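*Asks:* Model the placement of chain B on the given structure of chain A, informed by the hints.
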Amino acid sequence: MGYGGAAPVAERMSEVGESCITCGDVAVVLQVVSVDGGDAVCRADDGGTERVAVDLVAPVREGDRVLVHAKVALEKLERLERLESGAAPVLGRERRSASAGAANNGAGGEWRGRGTL
Amino acid sequence: MKYVDEFRDPELARHLSRRIAERVEPGRHYKVMEVCGGHTHAIYRYGVQDYLPESIELVHGPGCPVCVIPMGRIDDATVIAEANPDVILTCFGDLMRVPGGRGSFLDSRARGADIRVVYSPLDALRIAVDNPERQVVFYAIGFETTAPSTALTLQRAKVDGVTNFSVFCNHVTIIPAIKAILDSPDLRLDAFLGPGHVSTVIGNRPYEWIAHDEGMPIVVAGFEPLDLLESIAMVIDQLADGRAEVENQYARVVRDEGNPVALAAIADTMSLRPWFEWRGLGSINHSALQVSERYGEFDAELRFNVPGVRVADPKACQCGEVLKGVLKPWECKVFGTACTPETPIGTCMVSSEGACAAYYNFGKAARQRVELKVKA
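Taken in sequence, the protein lines are chains A and B. Position 13 of the first sequence, counting from 1, maps to 13 under this note's numbering, and the rest follow consecutively. Position 16 of the second sequence, counting from 1, maps to 1016 under this note's numbering, and the rest follow consecutively.
Next comes chain A alone, as it looks inside the complex (with noise of 0.2 Å):
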């Protein structure tokens, strides 16, 4: 198990927009390049690699994207996908209501928007 590593991308990290890794609740999203028991080989998209704590998102495969933070990864992210076919985002297409399947805050069944980026 391995303790975090060479820090290329970590040193980038804290100069995102010249923010601070803790107050700015700052994270940035790498793609998995390999897996190693709890950690993975992430990459950015510049080519920096990192050695990422994936143990809170497990399991996750090569090639998956992740929310990384302070070296540890807090999310898998899956509607990426949309942009990654290359198309830009699209405004007030996607509010959906409970009734049609949203997400339902179960409190009372008023339908709960999102957001469409």
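These are computed hints drawn from the structure, not numbers from a lab. Be careful, since some hints might not be right.
Here are a few chain A residues that sit away from chain B, every Cβ distance over 12 Å (derived from the structure) [claimed, not checked]:
id : residue
1  : Val33
2  : Ser34
3  : Val35
4  : Thr49
5  : Arg61
6  : Glu62
7  : Gly63
8  : Val68
Straight line, CA to CA, 20 Å or less: simulated DMTMM-like cross-link-like pairs of lysine to aspartate or glutamate [as the list claims (entries may be wrong)]:
id : chain 1 : residue 1 : chain 2 : residue 2
9  : A       : Lys76     : B       : Glu1257
10 : A       : Lys76     : A       : Asp55
11 : A       : Lys76     : B       : Asp1256
12 : B       : Lys1158   : A       : Asp55
This one's a predicted model, so the numbers in the text were calculated from it and none came from an experiment. All C-beta atoms, glycine included, are put in the ideal place defined by N, C-alpha and C.
*Replies:* Here is chain B on its own, set in the frame of chain A:
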């Protein structure tokens, strides 16, 4: 990031700007608070306010954990580092310049303490493994976005039997802070923008009381300019329709239930403190986390003699009012004069996500535009 261009498209921004302008009620003033420091930073950095009607005021909340850390907790850590020569104190770089009553971590390092910057608590654990003759303390800080990384590190330390590692825990939780804001008698708000990555962990459900009990819209928002504009549009839509709901603009990342595995890791390794002091907000019940009894051997507050220092904020500093959104950064008496990012008096000027530093770095131009408009 690969998708930056899509989320900064000026035409889509103009589209959202028009949509917002069409839905605001003439003569009504809207106060929308973002509770996340990342949002504050992005709002100033990208000039989001310039895309909004003048009737929409963005109020900056206490969403910067570095900004709300009381000076005494900085002093407690420097005492651990200076009184125990075998200690390596590790922390995120954001903390190094935060002023305590005895100076900052940088000052403490100049006095001889071994204080090192890490990018992750996992790095601190690595240092402990590599230095078995030293005691490695990680200064944990942050909202629920950061708490899972500390929790996972504690779990790994326990599994691997690392005995020279401990955590000085200062993690805080977002919901009690929002409650404290709403209890503040001198602030009237219309809606909230919810923190995007905190919500990745806790989900959307913890906010439901804001909509149902307080009758106030809240939209969980992403961090790109279009994310923020769409979130504000969703807030204004709710207000125009007379709705108060929890909505998720950042649905490409945030799930309603959050990350249950991360929440379980936090619950395993940490427990709620009865109370915790927030700079500017005072003592808030059940608003912070401590290392749980189950992981007590990794609790730096049990391993070392911690004085529990309490230090009053400098009188000139008005961070408290800024953190509650009562004062704008530039309305503070020492903003930009005695207090600058190079020589901060208050924590809001230290972190780049602090409202004062964000405004100092990016907001001057926007304010000059407003002043010119007023003069014209």
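*Asks:* If any of the earlier hints don't hold here, list their numbers in rising order.
*Replies:* 8
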